[in-house]
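Participant: Position chains A, D and X relative to chain F; hints supplied.
Residue numbers (my numbering), protein chains in the order written: chain F, 76 to 373; chain A, -3 to 431; chain D, 251 to 510; chain X, 120 to 436.
Since the hints were derived computationally from the structure, they do not count as laboratory data.
None of the values given here were measured: they were computed from a predicted structure.
You may find that some hints are simply not true.
[What the hints assert, rightly or not] Simulated DEER-style distance windows between Cβ atoms:
1) A:Ala301 / X:Gly285: 56 to 66 Å
2) D:Asp361 / X:Phe202: 27 to 37 Å
3) F:Arg172 / A:Lys65: 58 to 68 Å
4) X:Leu293 / D:Asp325: 25 to 35 Å
5) A:Thr72 / X:Phe202: 46 to 56 Å
6) A:Lys147 / X:Arg431: 51 to 61 Å
7) F:Thr78 / A:Gln130: 50 to 60 Å
8) F:Arg172 / D:Arg449: 35 to 45 Å
For each residue, glycine too, the CB sits at the ideal point set by N, CA and C.
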Amino acid sequence: MLTAFAIVTDGLVYAAYLFLVAVGLTLIFGVMKILNVTHGSFYAFGAYGAATAAGIWFDRGLPDAGGFLFMALFAMAIGLLIGIIIERGTLRFVYGRDEVVVVLVTYAIFLILEDVIVLIWGPRSYAAYQPMVAAGSIDVGDLTLSIYDIGLVVLAGVVAAAGRWALKYTRYGRLLTVVIFDRETAAAYGINVTVVYTVTFLIGAMLGALGGAVMAPKISVTLGIGVEVIVLAFAVVAIGGMGSVEGALIGALIVGISRAAAVHLVPQLELFVIYAVMALVLGFRPYGLFSQVQPRKI
Amino acid sequence: MDIRWSLVASVALSLAYTGGASAQQAPAADAPPVKLGIVTFLSGPAASPFGVPSRNGAEIVIEALNAGKAPAPYNTVGFGGTKIEAKYVDEAGSTAQVVTEFRNLVQRDKMDAVVGYISSGSCLAVTPVAEELQALTVYFDCGTPRIFEEKARKYVFRPPPHATMDNTAAARFLLAKKKDIKLLSGINQNYAWGQDSWRDFVGAMKALAPKAAVDKELMPKLFAGEYGAEISTLLTSKSEALHTSFWDGDLESFVYQSQARGLSRRMPILGTAVESVIWRLKDKLPDGTIVGARGANGPLAPDNAYSRWFKQIYTERYNSPPNYPAYQMALSLLGLKVAWESAQKKKGSGKPTTDEVVASFEGISFDAPSGLVRMALGNGHQGIQDTAYGIYKFNKQKNEGEVVDIMRFPAECVNPPAGQNADDWIRDGMKGAKC
Amino acid sequence: MSDILVVRDIEKTFGAVVAARDISVVVPVHQTVGIIGANGAGKTTFVNMITGHLTPSKGSIHFENKDITGLPSRDIVRLGISRSFQVAQVFPTMTVLENMRIASAIANSRDSILDRLFRPIDAPGAVVEADAALDLFQIARYRHAKAVTLPQGVRKLLDIAMAVAGSPRLLLLDEPTSGISIEEKFGLMEVVMSALKTRRITVLFVEHDMEIVGRFADRVLAFYDGTVIADAPPKAVLADPKVQTLISGTQRAHVGQADA
Amino acid sequence: MTMPARSSLLGALAFIAVAAVAPWMPPWLVSLATIAFANALVVLGLIILWRTGLVPFGQALFYAIGAYAVALIGRYTSVRDVFVVILAGAIFAGIAAYLVGFLLARYREIFFAMLSLAMSMILYGILVKTETLGSTDGFHVEAGTFFGYRPQGVWLNLSIYWLVLGFSAVMAWLVSLYFRSVAGSLSNPIRDNEIRVEFLGISVDRLIHLKLVVSGILAGIGGALAALAVQHVDPAMAYWTTSGGFVFVTILAGAGSVGAAFVGSLVFELVRSIAIDLVPGEWQMILGTVLLLTILFLPEGLGSLYGRLRRRKDAAS
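One chain only, chain F, in its complex shape:
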């Protein structure tokens, strides 16, 4: 019983992490059809930015509550900044090229940004644990849960709901839906696709940075954290169906719960879980659970 409860709570926390990391990736893919490897850099810059912000804030002895907000905003600002540089500086020159070529462009930028991190922050690692410590914990039976983790789950839920709402009810959201559905038609109706692309990329960049910012208190912010996240986020998005926010949510839940179950029941399998789930899902649903791929008409 306790194990089942633990699997669900751990699974939810891990799913929240995965969703926050993957949602920006799936949005960019849905709208721009770009599998964005620099998403790992957004995550890393977000985490480093949050750690820097934590240093600025808590070294002055400012209150904990505002600290987290400051970290998140600071990280998103950094995400916005590098997002602008990447999109305006390189990506817009390769729109319309093969999808795979664009992936490689983002891969190249990712390689460069990995070293930019070293140049800015040096090779040492950073910590930003204050918000998690300040949040405290509650006991549920034998299990102690971190309130910060619960907050993560709530945040993931809020982001998912807000995303759904924005896509359905805001003007820009509806524009996006049109572009996702059919690029050419959108252009024919006079939608400025270039502007939509830029805005989407920046939102995706900020979401990626936010993912890094909310994880920063839990981890040691160190070189290479972006690499790990890329494959993880790709797997989640592929399982859910590329370009679908609901898909990212379901994909994150599936991976999160499977991994938690593996750790509790068969820890030896932990290493394979994500890829096994991915291969399994794709074996039956080639384009993911919530795919929007339609067969071509002749």
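Facilitator: What follows is chains A, D and X alone, placed relative to chain F:
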């Protein structure tokens, strides 16, 4: 066909390149310097905890040696009066890249010796190449005992002890503190180092305390970052200690997350590589954590002239105390210096050849910041040392962690005897250990 | 004279939507059949079922006395049924000659991986055939132009030429003149039909232009709401009042004139 | 002389020249070129898929299988002959490609890339879990023999180099023949229009399956040669960054010609090695910049430079 361009391009590039390189490295003084290639992680996740401290250690020690300012008997300039010139190379990349760069150091850059390698995989891959090229190679960190167990080596040395003693000593220390321990768990990264550490530790516990049972055996993937499920599992366990060989980023992440969920109130951590993070974690590392430093390094170092000297020069330059990779780098360079100078003395004058240095390296003993090193295993190619474990305590006044209750273990107590395979030795109950 | 195509009672449903129903058609060899009908009447669905792009939900299709119901298109092509498309399906980044050579080379290879691995693409037989086909369809002067740059009519001709490369016995043309200006339509159909006559191919073609149907078809099938409402020689079908009301839309005009 | 004949002759001459100068090349360059040409065989396989519009982010799967096949034969049997072990590597990689091909051949574009990545990561996981094979540390590969002859010292490296060159030459020739076959010519058509290919009577999935097996065999040979050259194998050979490296070289080389794979791979190794030498901490940045500039300014890769040059010469004459 484009193939012919490869010829032109490669020849042109290599000519331009070697030309440039040799011009750069033209001897400044009359006597050509001793050229050392230093290979360590300068990028990637292992750079911050291991690579950079060891590079710093190399820089500061080489500087001191070149100035003739190290404590006796290391107070001759450089190696035997000749200054040392170091070239630093990144260990990150595929094994093929590591091997290629090793060849470049030996064949293109004509290094007199290569000192380096943190990853055991790198050491295993470089070893046969070093033997083939007859290049003097000194490993300073990689832990696997396999290097000298698989085959006798001639040109390869590893002055710091291998990883076996980290876990045999950990078991002995745990039993010294908790004689009646009944249940324990482990969390180790799912890669060679984590798997080997856990196997050695469990093997040693079986031999020393057959009644102690293993509860949870967790093996999260390397750099997982999120340990919620692992911590929950451990919270449901009645284990009395948690063995881990986590290091740096993963260790810090695990400590933050387990602290937030009160795991340390249930069971203390026994960490074989905890020392590398104590300066950063400060009060976030729970008191009572059992601290290993892969030898008597850092706060576990014996109080002698060498450890005081090394800690002082390192701290002055880099504003933080040296951690164990820095100690191991210093140890390896001092060992090489001893071997070099004794070869030079035997020869009478001039630069000793590689074979002469190799001959005088085998089986020597020398003092290092972490105590006496004896090249006792692997036909005199593998060093052993006394090791130590202690208990972490945060000192609020100094705002600094310290390690108390230090217990030392003689080298022969925690290392296999010469000629015996470490795995077999542990499996057979660590016969012949002299404690 | 034998029947080359026998279609019995085929039906196609997509969920609750019935795209085609109760279709039975028998086509003798060397006949040229025109297919007419409004958009959504089931013409393309019919063509898609015969060529294996869609599997009928019910009924059977026999080609030269062989049951081909539900076979994949590539097997049906190998048996001797070929088709062209409403939107010409060519290889846009390749030249006309390259397009044609690929089609000829495939037609000349046996259906085995090994044969295709060891047969060079520029084997003399295929090259000669490709050149001949370009001449036959009168597009040889575009041979070195990339397909993406071709005018619509030429692209259609290339599409049909490629479909004919495998020497099919039955060819289905899905709106060969769609997207072509009125002045060019007849010229294009002349080229196509005379080429097909020399190859003695049985033809089914979907067409909106009644004049063209009247001119080239031996027989006309009129589709309405997923089924065949008339099947007779062109003159008879075009005069059929049901056809005039439901498809060609001429009936109302006539009635209006009569009233005036 | 016909075009293909001229290229074959030039290619053969180039290979002979590159082989003949080896004893006078600095030894480090020989080793570097050995690895570069072994990897070029993998890139050759990528070019086959690339022309079809497929980019595998998991080609390291077959590379690692080829390498581990050689290593395991050396560890558990007494077979040492390089030709036998390389053949074994090729066969195992080919079988693996044939098996995963049933799944992979149904996918296109990004989905193909992602699924192939998942496949290679599963192998990576299995190798990491296999403690008897040293887990992530990997293990030593026994030196090979050439029909019973066991080269020593400098000759060891030179023989491996010549071996790699020999395989490269044969494979380059076979692949260029393949590109001129009916099956090989269908790459571009499949990328352009799968429906037309199907309606010409060809199964696109089966053709892609074939291409996967061919590219898998090439990757297996590349891995087998790399294992013999490096004398060590480890699971990182199956990791996705290894696959990423191959894709990188493919972009750099361009899919235009067979020879480009070899030039591209060599240039890549040289650039990387020089970058590590000049900026040991930030060499990835240099690699990333090279990749970015290649895509932006040389979209058809290094191979297109030669084509441009030749066109200019033809125009002048």
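Participant: Work down the list of hints and note, for each, if the structure agrees.
Facilitator: Checked hints:
no.: 1; hint: A:Ala301 / X:Gly285: 56 to 66 Å; in the structure: 60 Å, holds
no.: 2; hint: D:Asp361 / X:Phe202: 27 to 37 Å; in the structure: 34 Å, holds
no.: 3; hint: F:Arg172 / A:Lys65: 58 to 68 Å; in the structure: 59 Å, holds
no.: 4; hint: X:Leu293 / D:Asp325: 25 to 35 Å; in the structure: 30 Å, holds
no.: 5; hint: A:Thr72 / X:Phe202: 46 to 56 Å; in the structure: 54 Å, holds
no.: 6; hint: A:Lys147 / X:Arg431: 51 to 61 Å; in the structure: 57 Å, holds
no.: 7; hint: F:Thr78 / A:Gln130: 50 to 60 Å; in the structure: 58 Å, holds
no.: 8; hint: F:Arg172 / D:Arg449: 35 to 45 Å; in the structure: 42 Å, holds
Of the numbered hints given earlier, the model fails none.
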